[in-house]
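Working from the sequences, and respecting the hints, build out all of it.
Take the sequence shown: its letters are residues 1 to 461, numbered as in the UniProt record's numbering.
Be aware that one or more of the hints could be misleading.
Unchecked claim - Pairs of lysine-lysine residues, derived as BS3-like cross-links and limited to a Cα-Cα distance of at most 27 Å, are as follows:
1. Lys-288 / Lys-79
2. Lys-181 / Lys-327
3. Lys-20 / Lys-181
4. Lys-63 / Lys-79
5. Lys-394 / Lys-440
6. Lys-181 / Lys-391
7. Lys-391 / Lys-327
8. Lys-440 / Lys-20
9. Lys-20 / Lys-79
Said to hold, decoys possible - Quick list of the computed label-pair ranges, beta carbon to beta carbon:
10. Gln-109 / Cys-237: 37 to 43 Å
11. Asn-299 / Ala-224: 56 to 62 Å
12. Ala-224 / Gln-67: 46 to 52 Å
Bear in mind the hints are in silico, worked out from the structure with no lab data behind them. Yeah, the Cβ is synthetic: ideal placement off N, Cα and C, and Gly gets one too.
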Amino acid sequence: MSAALDSEPTTHELRAGSEKRFLLWLSPILALGFAIRVAFVLIRQSSVQLVTGDAYWYHFQAKLVAQGRGFLNPFDFYKEGIVSQGADHPPGFILVLTVLDWLGIDSAQGQRLAMCAVGTVSVAVIAYLGRHLAGSRAGLIAAALAAVYPNLWINDGMLMVETVFILATAVAMLACYRYFKRPNRLDVALLSVALTAAAMTRPEAILLFLLLPVPLVLARRNVALQERALQLAIAACIPILAFAPWVLYNQSRFEDSVLLSTGAGQTLAAGNCDLTFSGPNLGFYDTKCLLAPQIVEPNTEDRSLRDSEYQLIARAYISEHSSELPKVMAARVGRVWHLYRVDQSIGLDGYVEGRAGGAPSEGFFLVREALWAYFVLAPLALFGLYVLHRKGTKIYPLLMQPALVTVVAALTFGITRYRAGAEVTIVVCAAVAINLIATKLFPPRDDQVEPSVAAEQEVSA
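Set out below in structure tokens:
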């Protein structure tokens, strides 16, 4: 009898076998996700030249940093031959591209292909997030959705910050649910690193430090108060150490203090003028809002002073048109969630934002397919959230990005790209719903149930 017992696999061996099966299924999904992203870049983006816009700024400022010139304004330097300081965007994504420049990947197309690899890593992280929430099958479903969902992979071919932001968001959510299972300093540090990376690419993500690590740690009353204080100190030190060099560097080159970027003023001004408070661009943005006759343009060369002037212009306009603000904010939120002027969003995403890839004359079928995919996954995601809530899973980490997206859109303007972080929630929660439906339709046999699945799924303790 003891020999028979000795021959039975241990829990550790069962877990190891489950992990191997998970990786065996995950590998082809990752290959598919990478292939789709590369195909988008090679087929749709190969002819796209960087002549203006945010991608131009990221790519060419990274070149200047790689050459040792510093964070100069790339438009002034390359188009006008003028040396001027620039911090229109936080440094995170620019530093990523700088590393690629140092590695010899210095063309826009080469860097787009590198971002395809980063996007594929996001697929893997989303798989493990889904696994933590609802088991291995849900994780694989989440990976499959992330691999093929256009609203994720389009970002990876755009040479924009959203690729890194999506990865940081997924890692942050995974760290939260790992911490729920076993509170420890390592996962707090991982969460803080992920949120720091997110804030280094999209400045509004700095708000997530108050919304995730603080309640996450303080709520663990079974952890000693001294230990919780230490964990919060770890979470606070990482962004401080990361941002301190950038803030000090900016103090030496701008007249006003610049903590993250000098882009807030332009963003506010672009969404607050007559062109965006009524008419076809209601709730969207228009770069004409930054020019005469809509405003008196700032005439200072210092980007920090220009940012302050743009903010004053935007706030003055908002104050003068405060009665229209509820309508405008509703339109902005409606646009970011595709609930307002849905047909128009296809043209705006394809033509203005360039999310269809290729020249505007080549059609917007990709953004149309992305829109339909969103309409399929969004209701499934809502159902998945309900399922998780009913089984006692804490869902607030999944809700933080959608909440942040809504607030940012209401205060600025509504564009699909701003929804990037929330797409992680949409994909993972939709996978939970699909997994439940599949389980009801095709119940697994006893030998298909993974070991200690209840423990793996328990994230609410």
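Hints, verified against the model:
1. Lys-288 / Lys-79: Within the cut-off at roughly 20 Å; holds.
2. Lys-181 / Lys-327: 43 Å, violated
3. Lys-20 / Lys-181: This hinted pair holds, its Cα atoms lying about 22 Å apart.
4. Lys-63 / Lys-79: Since the Cα atoms of Lys-63 and Lys-79 sit roughly 14 Å apart, the hinted pair holds (cutoff 27 Å).
5. Lys-394 / Lys-440: 23 Å, holds
6. Lys-181 / Lys-391: 15 Å, holds
7. Lys-391 / Lys-327: Violated, at about 38 Å.
8. Lys-440 / Lys-20: Cα-Cα ~25 Å, so holds.
9. Lys-20 / Lys-79: 53 Å, violated
10. Gln-109 / Cys-237: 37 to 43 Å: 39 Å, holds
11. Asn-299 / Ala-224: 56 to 62 Å: At roughly 58 Å between Cβ atoms, Ala-224 and Asn-299 fall inside 56 to 62 Å, so the hint holds.
12. Ala-224 / Gln-67: 46 to 52 Å: 51 Å, holds
When each numbered hint is compared with the structure, violations occur for hints 2, 7, 9.
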